[in-house]
Amino acid sequence: MKGKNNSNIASSWPIIVNENALNEASILPRLLHEANEQAQQEVIETMEENEEVCDEDQLQNMIENYSKH
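For the sequence shown, the numbering used here begins at 221 and goes up steadily by one.
To be clear, the hints were calculated from the coordinates, so they are not data collected in a lab. Small disclaimer: the values here were computed from a predicted structure and weren't measured. Idealized CB from N, CA, C, for every residue including glycine.
Quick list of simulated restraints, FRET-style, between CB atoms:
#1 Asn240 with Leu279: 52 to 60 Å
#2 Asp275 with Ala255: 25 to 33 Å
#3 Gln258 with Asn238: 26 to 34 Å
#4 Met282 with Asn256: 35 to 43 Å
#5 Ala241 with Val273: 41 to 49 Å
#6 Gln280 with Ile247: 42 to 50 Å
#7 Glu265 with Asn285: 26 to 34 Å
#8 Leu251 with Asn285: 49 to 57 Å
All chains, full assembly: derive it from the sequences and hints.
Have a look at this one:
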């Protein structure tokens, strides 16, 4: 395939594709790492929230049990 000035576009095309693929491939591990860290943080926050709810429920149950006696 010939482009402007009789340049051979077909011979340069794989290089462009490969450079784009390399750029995308180098971004992917970083994105996966960031997504993993975010997911871990969300799990930790959810666990902490659940512990707080559990502690509050236990405290409320203790108060109710104490007040019954």
